[in-house]
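S.K.: Based on the sequences and whatever the hints tell you, model everything.
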Amino acid sequence: MAKLSFPVGPQHPALKEPENLRFTVDGELVVDADIRIGYVHRSIERSCSERNYVQDMYLCERVCGICSNAHTLCYAMTCEKLADIEVPERAQYIRMLMHEFERIHSHLLWLGVAGHEVGFETLFMYVWRDREIIQDILEMVSGNRGHYAMTTLGGVRYDITPEMADRIREGLKVLRQRAERYADIATTEATFLKRASGVGVASGEVCRSLGAAGPTARGSGVPFDIRTAFPYLKYHTVEWQVRTSELCDVLGRTLVRVLEVIDACDICLQALDIMPEGDIQARFPRKVPEGEAIARVEAQRGELIYYIRSDGSDVPARVKIRTPTLANLPVSLEMLRGGQIADIPIAFASIDPCFSCTDRMVVLDDAHTGEARQMTWPELVKLGRQR
Amino acid sequence: MQVVTPLFHVLVFPGFLFLVAFGLFVSWVDRKLIAKFQNRVGPPILQPFADLIKLLAKEDIIPEHADRAMFAVAPLIALAGVVASIIYIPLWAPVALKAFSGDLIVVVYLLTLPAFALFLGGWYSANPFATIGATRVLSQLFGYEVPFFLACLGPAIAAGSWSISEITRAQDNGLWLISAAPLSFAVAMIALIGKLERVPFDIPHAKTEIVTGPEVEYTGRRLAVWKLAFLSETIVGAALIAALFLGGPHMWGLPYQAMPAWLTAIVGMVVLAVKILLIVFFLSLAQAAMARIRIEQMVQWCLLWLGIPALINMGVIAFVIRQVGA
Amino acid sequence: MLDGLVKWARGKSPWVCHLNCGSCNGCDIEIVAALMPRFDLERFGVLLEGSPRHADVFLATGPMTRQIRDRVVRVYEQAADPKFVVAVGTCGVSGSPFYPGYNVLGGVDAAIPVDMYVPGCPARPDAISYGVLRLLATLDPKAEALVKEIEERYDTEGLVYTPEEMAQQRDPVEGARG
Amino acid sequence: MTASAVLYHPVVVFTLCMMAGWGVYALGRALAPASRVIGGKLKTYACGENVEGESFPTAYHLYHAAFIFTLLDVVALVLGTVTGTAIVWMVAAYLLVGLIAIVILFKD
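Residue numbers (numbering that gives the first Met the number 0), protein chains in the order written: chain A, 0 to 386; chain P, 0 to 325; chain R, 0 to 177; chain Z, 0 to 107.
By construction, these hints were calculated from the structure, which means they are not laboratory data. Backbone N, C-alpha and C fix where the C-beta goes; we use that ideal spot for every residue, glycine too. One or more hints might be untrue.
As the list claims (entries may be wrong) - Label-pair ranges, simulated between beta-carbon atoms:
{"id": "1", "chain 1": "R", "residue 1": "ARG42", "chain 2": "Z", "residue 2": "LEU70", "range": "23 to 33 Å"}
{"id": "2", "chain 1": "Z", "residue 1": "ALA4", "chain 2": "R", "residue 2": "ALA144", "range": "49 to 59 Å"}
{"id": "3", "chain 1": "A", "residue 1": "GLU162", "chain 2": "P", "residue 2": "PRO181", "range": "54 to 64 Å"}
{"id": "4", "chain 1": "P", "residue 1": "LEU16", "chain 2": "R", "residue 2": "GLU151", "range": "34 to 44 Å"}
{"id": "5", "chain 1": "R", "residue 1": "ALA144", "chain 2": "Z", "residue 2": "ILE37", "range": "26 to 36 Å"}
{"id": "6", "chain 1": "P", "residue 1": "PRO43", "chain 2": "A", "residue 2": "PRO329", "range": "41 to 51 Å"}
{"id": "7", "chain 1": "Z", "residue 1": "ARG35", "chain 2": "R", "residue 2": "LYS147", "range": "26 to 36 Å"}
Claimed, not checked - List time: in silico EDC-like cross-link candidates among lysine to aspartate or glutamate, alpha-carbon distance up to 16 Å:
{"id": "8", "chain 1": "Z", "residue 1": "LYS42", "chain 2": "R", "residue 2": "GLU164"}
{"id": "9", "chain 1": "A", "residue 1": "LYS193", "chain 2": "P", "residue 2": "ASP66"}
{"id": "10", "chain 1": "R", "residue 1": "LYS141", "chain 2": "R", "residue 2": "ASP2"}
{"id": "11", "chain 1": "Z", "residue 1": "LYS40", "chain 2": "R", "residue 2": "ASP2"}
{"id": "12", "chain 1": "Z", "residue 1": "LYS42", "chain 2": "P", "residue 2": "GLU295"}
{"id": "13", "chain 1": "Z", "residue 1": "LYS40", "chain 2": "R", "residue 2": "GLU76"}
{"id": "14", "chain 1": "Z", "residue 1": "LYS40", "chain 2": "P", "residue 2": "GLU63"}
{"id": "15", "chain 1": "R", "residue 1": "LYS82", "chain 2": "P", "residue 2": "GLU58"}
{"id": "16", "chain 1": "R", "residue 1": "LYS6", "chain 2": "P", "residue 2": "ASP66"}
{"id": "17", "chain 1": "A", "residue 1": "LYS80", "chain 2": "A", "residue 2": "GLU289"}
{"id": "18", "chain 1": "Z", "residue 1": "LYS42", "chain 2": "R", "residue 2": "ASP2"}
{"id": "19", "chain 1": "Z", "residue 1": "LYS40", "chain 2": "P", "residue 2": "GLU58"}
{"id": "20", "chain 1": "A", "residue 1": "LYS233", "chain 2": "A", "residue 2": "GLU276"}
{"id": "21", "chain 1": "Z", "residue 1": "LYS42", "chain 2": "R", "residue 2": "GLU156"}
{"id": "22", "chain 1": "Z", "residue 1": "LYS42", "chain 2": "P", "residue 2": "ASP66"}
{"id": "23", "chain 1": "A", "residue 1": "LYS80", "chain 2": "A", "residue 2": "GLU276"}
{"id": "24", "chain 1": "A", "residue 1": "LYS286", "chain 2": "A", "residue 2": "ASP83"}
{"id": "25", "chain 1": "A", "residue 1": "LYS193", "chain 2": "P", "residue 2": "GLU58"}
{"id": "26", "chain 1": "A", "residue 1": "LYS2", "chain 2": "Z", "residue 2": "ASP72"}
M.R.: The structure is reproduced here in structure tokens:
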């Protein structure tokens, strides 16, 4: 029988981002899946070595529009390690609040998109309506609906006033109720279950061996979370637990995310109560001492790692970003193979892919031997812009 | 007159123009209802009309590898099949414009034409997404068509006729056939969702999977004709179910004897319109409340949970008739 | 008469298609947010279409990366006339802040013609709605009244730029770069 | 046959409706701008990528559903043409065929 091969992306309604998946199908059955990335490669890592530490902050924030705060947080933590700066207590709490706000907004966004992928438009609309609550909170605190620019080197830029805290509490209480309702819908709606249960299966074993991160791994029963494994900020001062699910399918990942929204609300409510008064910024030097540092945070999609090497000037010698989507891609292809065409969008979306985080560039001298070479900035510009 | 009246009926009222106009209105009701269910404001009343005019005024593209004739004719077949069947469905009186023994079969088969046309249009678009969509259209047809047919046969056996007009007239006493064939009615409603390819059975058009399926390559006026075919199909399908199960244009309690002929016609039309809108309300509700399922789930589920109830209901009716008849 | 009808219909029924030219997702989620209950663009007849063949208005986001350029051009070509492009977000307008990067060719207009610019990082949903309405106002005189009403009630200064306004804004920058 | 009987015949009605649909095309042709072929406009839409090939045949795996559909549909059509008391037996036979078909379908 003829096998049909077709591309999904770069412009496809299921994908909000340009990436190219190529499928070979036998009827409705996916025989093979392959992925081609690089459409969103914007030369960020290299550009970081062209700008100073403060400017890089804004560039790293724009790696991704959904997890922008996780990127600035991780970047700032790395720089602070390099410069050996202690961040004030209150700033750490505010950073944690922002981190969790962003998790709420991102998980709700994902849940809505998951509804869209399986044709459940009403869930999509409802979730996104409720997501506006957290968007309002973010806007109130930082002044923008996305790219909050809240973290700064040595602390945070804005304080949370008591009036703000009250409004945050109100909003989070509503959101918590709504999240419980969505957990209920996800586990009881018959058509949603038909599409989520047993779809995109990746066992805990597979997730471990292919290095999956974040909710993708936790949805397969791998209880790994940077927030407990390598504690940072003030997570040890609040009560919460690492959510896992043994279902190993889309439903498991959905449940993990919805429960994490509830947890995030709890974390924020506790943090607002125990937050000490005090400074929100420490002074950060213009030049950073020579050395290298790594920081890792649990972004909403999984483990995010920043590596920075400093040569003692005000410009980093190298910034390297390892994003969770890159770690999750091999698992996602495992999920797609052997599935059905209809499951492609939801199974692929279940890792919450983010290609703006992921795209890299490799220049091969010789495509057969795979020999790579080093290029200078002008050479790169010439290569990239030539027509 | 002998020529003009039928032409008027086919092309203007209740045929082509009326069906399109009413279909546009009903599709606005549908979109508005869904918007309300989803907590939104929804489009203004003339929105479907504006969409239609805009589509007509767009450039027409035929992809280079598509079969030009098939690509052009497929939407027309779909539209014509749907519009033609309205002539045999009772609209303002319990008798249709043209009734003959077996017109139920003709209408049911005319209503399968859009599915076949969609298959042809998709297949000859020479596009991978359209091809997958086209095969899905056929697979889905296998799922809903038999239950729909069986469900329509329920009232036919109860009324002892294969003519829609006869079946509608049999309900003149106020006893709607939904009472005799409740299972068939439920099956017909669900199968209608499959026929109209709406959520949860919008599998051939699944936007996030295969873009829009068979009509992915269609632009401008050809897309407009597809849209017209789909929205007319909603009306005709709903009118057919109303005629078979809900007494068509008839409403108990209304003093038909005391009314002049023209008034009964208007009242009948309004009653039928209300019934159609109720059925559309059900369709919108289903669309708002459910996710799309997969094609093989759909086919299995339909044959099992629609086929068997329809068969059971048919068997019970046939058995009861035999007892009464004996 | 027919001409007026067509203009009215075009202004009333913009089906949008989302075109990501290498964006960071920030503007993309705000575009989706504009379709959601709070802003509900369907009031103005906006429908999100998947296939560019069905679309009238492209909402293009992001700096034009080298890899995506040819694909974007092809998708744009495959849409039926008349078609319009709204560049959403500061990256879509000029490629900033990625512009000096080796793989970034500039804004959306580096590859396809743009009919309206909506700056912002990310562009707000209300700004995107306003940008689409401004675009429609150039098609349909009736939509113009709506835009006037909005401009009277809110401060819309600098939310949206037409290509002419953008050219004026840009000139000094281009000079500095050149 | 009178003129009205001919004009209400399903085939004639169908043809008339086809012509009405053609009228919609004609109206569209009058309203739409002339087609300009530029670049890859006529190329197959595949998410912006280039796909090779002039047709995309695909495999099919729901043959059992197709088989049962054909079987039941033909029998239902036969049913539709019988009248009188024979229908009861026909329905019984049909029920039997239908149930057997469904058993076959869900056997595995």
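S.K.: Hint compliance check: list the failing hint numbers for this structure, sorted ascending.
M.R.: Violated: hints 1, 8, 9, 11, 12, 16, 18, 21, 23, 25 and 26.
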